[in-house]
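Below are the chains, spelled out letter by letter.
There are 2 protein chains.
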Amino acid sequence: MQQPSSVGIVTPQTASFDTPIMLRSGAVLESYDLVYETYGTLNADKSNAVLVCHALSGNHHVAGRHGEHDKKLGWWDNMIGPGKPIDTDRFFVIGLNNLGGCHGSTGPASIDRKTGKPYGARFPVVTVEDWVETQARFADRLGIRRFAAVVGGSLGGMQALQWSIAHPDRLTHALVIAAAPKLTAQNIAFNDVARQAILTDPDFHGGDFYAHGVTPKRGLRLARMLGHITYLSDDVMGAKFGRVLRSGTFNYGFDVEFEIESYLRYQGDKFAGSFDANTYLLMTKALDYFDPAHDHGGNLSLAMKPARADFLVISFTSDWRFAPGRSREILKALLDNERNVSYAEITSSHGHDAFLMVDPHYHEVVRAYMDHISFSGEAP
Amino acid sequence: MQQPSSVGIVTPQTASFDTPIMLRSGAVLESYDLVYETYGTLNADKSNAVLVCHALSGNHHVAGRHGEHDKKLGWWDNMIGPGKPIDTDRFFVIGLNNLGGCHGSTGPASIDRKTGKPYGARFPVVTVEDWVETQARFADRLGIRRFAAVVGGSLGGMQALQWSIAHPDRLTHALVIAAAPKLTAQNIAFNDVARQAILTDPDFHGGDFYAHGVTPKRGLRLARMLGHITYLSDDVMGAKFGRVLRSGTFNYGFDVEFEIESYLRYQGDKFAGSFDANTYLLMTKALDYFDPAHDHGGNLSLAMKPARADFLVISFTSDWRFAPGRSREILKALLDNERNVSYAEITSSHGHDAFLMVDPHYHEVVRAYMDHISFSGEAP
Chain F
1 MQQPSSVGIV
11 TPQTASFDTP
21 IMLRSGAVLE
31 SYDLVYETYG
41 TLNADKSNAV
51 LVCHALSGNH
61 HVAGRHGEHD
71 KKLGWWDNMI
81 GPGKPIDTDR
91 FFVIGLNNLG
101 GCHGSTGPAS
111 IDRKTGKPYG
121 ARFPVVTVED
131 WVETQARFAD
141 RLGIRRFAAV
151 VGGSLGGMQA
161 LQWSIAHPDR
171 LTHALVIAAA
181 PKLTAQNIAF
191 NDVARQAILT
201 DPDFHGGDFY
211 AHGVTPKRGL
221 RLARMLGHIT
231 YLSDDVMGAK
241 FGRVLRSGTF
251 NYGFDVEFEI
261 ESYLRYQGDK
271 FAGSFDANTY
281 LLMTKALDYF
291 DPAHDHGGNL
301 SLAMKPARAD
311 FLVISFTSDW
321 RFAPGRSREI
331 LKALLDNERN
341 VSYAEITSSH
351 GHDAFLMVDP
361 HYHEVVRAYM
371 DHISFSGEAP
Chain Y
1001 MQQPSSVGIV
1011 TPQTASFDTP
1021 IMLRSGAVLE
1031 SYDLVYETYG
1041 TLNADKSNAV
1051 LVCHALSGNH
1061 HVAGRHGEHD
1071 KKLGWWDNMI
1081 GPGKPIDTDR
1091 FFVIGLNNLG
1101 GCHGSTGPAS
1111 IDRKTGKPYG
1121 ARFPVVTVED
1131 WVETQARFAD
1141 RLGIRRFAAV
1151 VGGSLGGMQA
1161 LQWSIAHPDR
1171 LTHALVIAAA
1181 PKLTAQNIAF
1191 NDVARQAILT
1201 DPDFHGGDFY
1211 AHGVTPKRGL
1221 RLARMLGHIT
1231 YLSDDVMGAK
1241 FGRVLRSGTF
1251 NYGFDVEFEI
1261 ESYLRYQGDK
1271 FAGSFDANTY
1281 LLMTKALDYF
1291 DPAHDHGGNL
1301 SLAMKPARAD
1311 FLVISFTSDW
1321 RFAPGRSREI
1331 LKALLDNERN
1341 VSYAEITSSH
1351 GHDAFLMVDP
1361 HYHEVVRAYM
1371 DHISFSGEAP
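Chains as they are written, first to last, in this note's numbering: chain F, 1 to 380; chain Y, 1001 to 1380.
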């Protein structure tokens, strides 16, 4: 085996859709763009495609870099590439920015052709179900009838789950990582605090801040700081930052005192300078609304009945946002439906963020699962 | 035994201090007032006094009501009164608003005699140690040499702990409930998000919002919403609110969708309309700074060495803000010092807030402990 390497320099592409789409909310988008990247080569049968679904702050830039001097790798570069667990020597991997995003796909900051102005507050709420529909249309565009696998962590895992329900014959495998079949009240509560931070920022201007030449950075910064706490475990925060003081001594003031404050504020500032506040709102709403069991009297096993894919479900011991128990709910529903399912609970101290990190056990589980996926046209 | 009843109508009193106090930060307050309430009767020996220390948003109004038509009981009325676990037929119970508070004691909203204006940003940071000093001076004022017990939950428990270290000969018992010997990085992180919400609210005006005729309600509201999430357990939020929709159906918008959102926003609004933002900042800082082991190389057992009191330590199973493990750290340090200590881990689904609630097991533990406290001058 060669040493795993990067997919190298990649270039985003755009797919434009002019067939109107009716969203779950009843709203209709007349047209929209989806920006995407691909890694590896689509085989003649178009049977080796893997769709990677992104989480709250993710995007289409999953692996590689955008230029020779680009220091920032795609968000899942450690997982995807030649010789990596999702091996681009075998699979044709697609990353796609979800509708409503802020990285090139049509979203609140995009120009509404009807008005010539950014959508802003008029951009409709999008759901996991809506995303899966747009992704299915996108697959049609590429002539991909059936994905070898649909893969995602967190909110991305919810999309993989929804794929298995909505389009059971269009994926052979679903990899549902660090996900949950629905948010708890506590999960929704955290999301609502984040949303209220943005919605009540005076610079939000009811969602139409673009016209005012400002962005609701204060709110977005708070939302991200709060999010970060829920992505990390208490343990890893303790190990990484503990009660270490920035200047070694108490200053009895409101500037940074503890290193953890410095870290969080830095993360908040960085995010607030680059992410769209309306997209953040939409992403958290998609999380809140996702609940496939809702239309089945709360019975997830009934909701999962249409699924035909094989599944790999993965959770992380220290993830308190979507704890292992939440993955076991999914597992139980799949077993109730006699699906072929593998489950791994990875011992990790890194909390919810563990799904993005290099962990030998985790990566070997994904590698082993992906390695056993066969598709037509491949040499045995 | 008579049916427990309320202490009835109580009237706050004010104690004024003109001896300057140097705070931990090095800042000096020339004079200050402390507002307090008392319940029960101080005996001739002044040996039956119990000091109740309050938590982040608490105050001196611990039991009873302020008038015939006052519907709001003191915050710990279920615990304190005639025939209640802390029995005012035996004990003389004192509730006191901490220095820096916003309920009558000198705090940021008080007029600084030097300037004739509210202290605002110039009010110094106060620590748990500072509070204990002011409380000791207050005890001197009342001629109380030694408390039968110092009692507190959460941040109040930290004060009880500090009393046992700083004034070992001035309390016979310490009741340390739902507390921790110091905050974790995660605890500090939550506090910092709350603080940043307030500090970055344009209506905060660097802490001098009083002069502008506004209050940083947006920030304080967010801080309180976030706080509430950490006071409740995931389980109790699930049981109380679950994913119940406000209007029974998805509305795909940013108004209240789930009941939990309605609850949190209501709590946030109520608090933001009544609490002082600068006091909130100070209280969270006092939490952050508390760490008696800090000056002893992180060794809590060394820090607790001076303690002479007997202890009751109580934790609640579902409290994830100050989990039972945090109380066990205190317990261990006390055992290392061969203190007489009782410990109860109460099974409760109510999270950190459990310490404020009626729970038969919890209340019986406190009652049994308080009943066994004897003091001079009491008929056997």
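Derived from the structure by calculation, the hints contain no laboratory data. One or more hints might be untrue.
Taking lysine-lysine and the DSSO-like style, the derived pairs with C-alpha atoms no more than 30 Å apart in a straight line are [what the hints assert, rightly or not]:
(1) Y:Lys1240 <-> Y:Lys1072
(2) Y:Lys1305 <-> F:Lys217
(3) Y:Lys1114 <-> Y:Lys1046
(4) F:Lys71 <-> F:Lys332
(5) F:Lys71 <-> F:Lys217
(6) Y:Lys1217 <-> F:Lys332
(7) F:Lys240 <-> Y:Lys1332
(8) F:Lys305 <-> F:Lys117
(9) Y:Lys1217 <-> Y:Lys1240
(10) Y:Lys1270 <-> Y:Lys1240
(11) Y:Lys1332 <-> F:Lys217
(12) Y:Lys1046 <-> F:Lys270
(13) Y:Lys1270 <-> Y:Lys1305
(14) Y:Lys1046 <-> Y:Lys1305
(15) F:Lys240 <-> F:Lys114
Going down the list of hints, with the structure as the test:
no., hint, verdict
1, Y:Lys1240 <-> Y:Lys1072, "23 Å, holds"
2, Y:Lys1305 <-> F:Lys217, "48 Å, violated"
3, Y:Lys1114 <-> Y:Lys1046, "37 Å, violated"
4, F:Lys71 <-> F:Lys332, "42 Å, violated"
5, F:Lys71 <-> F:Lys217, "25 Å, holds"
6, Y:Lys1217 <-> F:Lys332, "45 Å, violated"
7, F:Lys240 <-> Y:Lys1332, "25 Å, holds"
8, F:Lys305 <-> F:Lys117, "43 Å, violated"
9, Y:Lys1217 <-> Y:Lys1240, "27 Å, holds"
10, Y:Lys1270 <-> Y:Lys1240, "20 Å, holds"
11, Y:Lys1332 <-> F:Lys217, "45 Å, violated"
12, Y:Lys1046 <-> F:Lys270, "58 Å, violated"
13, Y:Lys1270 <-> Y:Lys1305, "43 Å, violated"
14, Y:Lys1046 <-> Y:Lys1305, "27 Å, holds"
15, F:Lys240 <-> F:Lys114, "50 Å, violated"
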